[in-house]
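Generate coordinates for the entire structure from the input sequences, incorporating the hints supplied.
Protein chains in written order, with the numbering used here: chain A, 1 to 122; chain B, 1 to 136.
Derived by calculation from the structure, the hints in this document are not laboratory data.
Hints should not be assumed to be uniformly reliable.
[Stated by the list, open to error] In silico DSSO-like cross-links for lysine-lysine, where the CA-CA straight-line distance does not exceed 30 Å:
no., chain 1, residue 1, chain 2, residue 2
1, A, 71, B, 54
2, B, 51, A, 85
3, A, 104, A, 64
4, A, 107, B, 99
5, A, 59, B, 54
[Unchecked claim] Derived DEER-like restraints, expressed as beta-carbon distance ranges:
no., chain 1, residue 1, chain 2, residue 2, range
6, A, 57, B, 81, 41 to 47 Å
7, B, 19, A, 61, 26 to 32 Å
8, A, 111, B, 15, 41 to 47 Å
9, B, 78, A, 87, 35 to 41 Å
10, B, 16, A, 85, 37 to 43 Å
11, B, 21, A, 72, 24 to 30 Å
12, A, 85, B, 41, 27 to 33 Å
13, B, 62, A, 57, 18 to 24 Å
14, A, 118, B, 29, 38 to 44 Å
We put the beta carbon where it would ideally sit given N, CA and C, even for glycine.
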Amino acid sequence: MADEVKTPTAPAPVGGTEARGEGRTDRGDRGGRGPRPGGGPGGPREGGRKYFRRKKVCKFCVEKIEAVNYKDVRLLAQFVAESGKITPRRLTGVCTPHQRRLSKAIKQARNIALLPFAGRAQ
Amino acid sequence: MNRSYEVMFIVRPDMPEEDLNKLISTLESSVTSAGGTAKSEVWGKRRLAYKVAKFHEGIFVLLVIEGSGGGIVHEVERRLRVTEQVIKFITVRTDEELKRLEKIKKIRESRKKTSASATVAPAVPEAGTEPAPTTV
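So, in structure tokens, the structure goes:
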């Protein structure tokens, strides 16, 4: 029966200052569900920064390295932090299947004392 | 079905070389007597990433085994466990990995051939690096 602006909770003290009626304003582009899909890799605002930074490419896909062996310590050490931890995928840009193989290889290398479990590789 | 394994083990750094060679030949003979092939590679002394059995260095040896039946590797591992000089070992099964690599190589080869003959390649699952532009 209402024309265009309907607030389902009529007398409820919603703290909204303006534009209370339309739920479709860009009150926050978080999650990218706003009316403008994908503001570009700068992020539409500082708030919605999580969504994609400059597209990192997977090093293994680019160089077409198929086999990740636990024996090549130099390659593996690039993906291990100073503390000995495996760096997460979102920082290195590795794609999922390669990250799985990489992490398996790192764990094998740790077992055979080629990489440390914790602490710098002395 | 031919299984292939890689056994890498670390030996104390103060082990004399002829003892090491004796150990390696014993392991290799145990593999070949059970009907497999073995190839060994000594990497030499390397620094360990953490202290193992109070040592900071060790001699790394890689043994590549090919043979059917898990009994071969079981025997090798048993010997390694018994030998006091061996401070660490790891066994990795490699035949599935090799199979996968072969498959990828074959796909790449066949893709190269079809692009070289300049025919319109049908739906290829992966985006390959083909210089021939097939614009449809």
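Is 38 to 44 Å a correct range for the gap between the Cβ atoms of residue 118/A and residue 29/B?
About 40 Å separates the Cβ atoms of residue 118/A and residue 29/B, which means 38 to 44 Å holds.
Restraint status (C-alpha distance of residue 59/A to residue 54/B at most 30 Å):
Status violated; Cα separation ~37 Å.
What's the verdict on residue 51/B and residue 85/A, does the C-alpha distance respect the 30 Å limit or exceed it?
holds, 18 Å
Could you tell me whether the CB distance from residue 19/B to residue 61/A stays inside 26 to 32 Å?
Given range 26 to 32 Å: violated, Cβ gap about 46 Å.
Is 35 to 41 Å respected by the C-beta to C-beta distance linking residue 78/B and residue 87/A?
The hint (35 to 41 Å, Cβ to Cβ) holds, given that residue 78/B and residue 87/A are roughly 38 Å apart.
Does residue 104/A pair with residue 64/A here, judged by a C-alpha cut-off of 30 Å?
holds, 18 Å
Using the Cβ atoms, figure out if residue 62/B sits within 18 to 24 Å of residue 57/A.
About 32 Å separates the Cβ atoms of residue 62/B and residue 57/A, which means 18 to 24 Å is violated.
Verdict for residue 16/B, residue 85/A (Cβ pair) under range 37 to 43 Å:
holds, 38 Å
Given a hinted range of 41 to 47 Å, is it respected by the beta-carbon distance of residue 111/A and residue 15/B?
With a Cβ separation near 21 Å, residue 111/A and residue 15/B fall outside 41 to 47 Å, so the hint is violated.
27 to 33 Å as the expected CB spacing between residue 41/B and residue 85/A, which holds or is violated
holds, 30 Å
Holds or violated: residue 71/A to residue 54/B, with C-alpha atoms at most 30 Å apart
Judged against 30 Å, a Cα distance of about 23 Å means the pair holds.
Is 24 to 30 Å a correct range for the gap between the Cβ atoms of residue 21/B and residue 72/A?
holds, 26 Å
In this structure, the earlier hints numbered 5, 7, 8 and 13 are contradicted, and the remaining ones agree with it.
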